[in-house]
Amino acid sequence: MVTVPQDLDAVTGLRPGDHLWRSFAGDTDLAAAIVPFLDEGRRRDEQLLLVGCSRPALLAAVSGLPHRDALLAVGRLVLQTTGDACSPDGGPVATDLVQRHRGATQAALDAGRTGLRVAVDVTGLLRRGRSGRRLLHACGQFADETVGAVPVTVLCLYDASVGPEALGPVAVLHPVQHPGDRPPLARLSGRGPVWSLHGEVDLTEAVYVATALVDVAGDAPGEVVVDLSGLAFLDVAGARALHSAAGELAGRGIALRLAGAHRSVRRCLDLFDLDLSGSEQR
Amino acid sequence: MTRMRPTGDWDGTRLAHEGFVFSADVQLVERVVPFVLEGFRREEPVLVVAGERVRRLLAEHLGTDLGRLAVFAAAETWWRGGHGTLQAYDRDLRTLRATTPTWRLAAEPTWLAREDGRVWSRFEAVANRCYDAMPYYSLCLHDARRLPAEVLPAVDRSHPLTWGGAAPAPGPAYEDPAGFLRAVQPAWTARPAHAVVGTVTAPVQGRRAISAAVPSDRRARLGDVVLATHELLANALRVAAFAELATWTDGDTFVVEVSDGGPGLPDETLGYVPPDPERGPRGMWLAWSLADDAAVRSGPAGTAVRLHFGPQP
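Protein sequences, first through last, are from chains R and F.
Residues in the first sequence are numbered consecutively from 1, following the UniProt record's numbering.
Residues in the second sequence are numbered consecutively from 1, following the UniProt record's numbering.
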């Protein structure tokens, strides 16, 4: 995962396996990011996929792409909208979306394409709250799974005006940045029932981390483990947020276990009723 | 002859907190045995946590009634530092409250004899406020023959009731908890000239600053110092746009001061109040428990808190 600050002009020179997040300011800026990215893929003979809220907006964004209409006509460029395709919980639709793209990717490779290049305007998903974020995470998971078998290059774009409340729960999973902002202090990573938390969780990001954890923990009842051995700092607000995430997950039949906490992280967790089996004793 | 009333007109609905000081075995027996028997008569759970000598005296005088005590425990193993001891005690109190309408406790805080146990009188003082609604009678036993003489005035100042001979009576030396804390916390001296002072606007900036300020001989406590300071800064930055962070060394002690110009601390006793398991603030409790000592100065012009860290955790 690479992050690109907005003031980097063009997002070219990317290679399969790269997954970038970049902010934009307005439609012109969006087009300025997408066109060189997709055009590079066209020259590399890759299958191109552009995902965003509405088809007219996507068409407008690629109006400057050389051979746009020809690419669309032969299916080399596919436009996919997320705008109206989501159920409130994001779950089944995400699975469906992933399945469809898995099939489409294989078909493109069979037709002689060298790889898949995806540009996603995630602004609408970020603004939609939990269902949007869960769809986003499912797609991220698809990209991660696919990258081993298929050469995939991904560019995620978000409007800088979405604000910290919408961006925070995604930023702790994908370290994004744009001018005037700083990278998140906390980082949540993992897959399925095992996650780990790195960096520092304090009152400024506590709620984002808890929200992200509830987003990614899935729906299947069982245990979700978060490894805290790489967490350098946790404050009372962070422990409180983890406690509230545990409560929310318990409502879905998911038990949250926090493992590997160091002594001073544990001092905060001990103030709350949390499952700490697998963490250091005081 | 006046009839003895071991709990006076206590009606069992709120906390009654008595500091009883004795200097002869017979005084102890004449105070505690009637207290226990009255509890049995009223069918209240009676708990006793005491040192070895007090337990032996009670065992002799209660005979087979000893088995009717709900708890009969040794105080010697209870001390885990002020915050650790109160937190364990707090859990027991909440469990009792969930199951028992009213109860009585005779407790001997033997750790007041320890150098590091004297801080307990601050928790005794704050209990008058934070446990006010707990429906129990706490009879605190102090053996003047075993405790250092300088501890006894703090007993009188931190317990609203004393033994009047036939019934509990208001203690003339009792002080308001916040006033008592102000009087016994480390003296608020002027910051020394060599103090390092900076302005903090974001918690992460404060953490970097305090990490850099911890002296090399105190690095083993770095985690404690950073976490405690962070909680003070987080609290200050909730009410003020910036906070001031000052650090200095005073002899063997590393001192951290966090001050802000926001409205004064609503409750100066917060660092000694065990957090409610369900809700409410915990940061001050945690910061105080990580430090070896703490002092607060709060007023309309703002709040300043000092934490002291000795060489050893």
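If you're looking for bench data, these hints aren't it; they were derived computationally from the structure.
Nothing here was measured: the structure is a model prediction, and the numbers come from that model.
Heads up, a few of these hints could be off.
Derived Cβ-Cβ restraints for the label pairs, each shown as a range [unchecked claim]:
1. F:64 / R:218: 58 to 64 Å
2. F:165 / R:273: 44 to 50 Å
3. F:145 / R:273: 51 to 57 Å
We treat Cβ as the ideally placed atom computed from N, Cα and C, and that holds for glycine.
Here is how each hint holds up against the structure:
1. F:64 / R:218: 58 to 64 Å: holds, 60 Å
2. F:165 / R:273: 44 to 50 Å: holds, 46 Å
3. F:145 / R:273: 51 to 57 Å: violated, 42 Å
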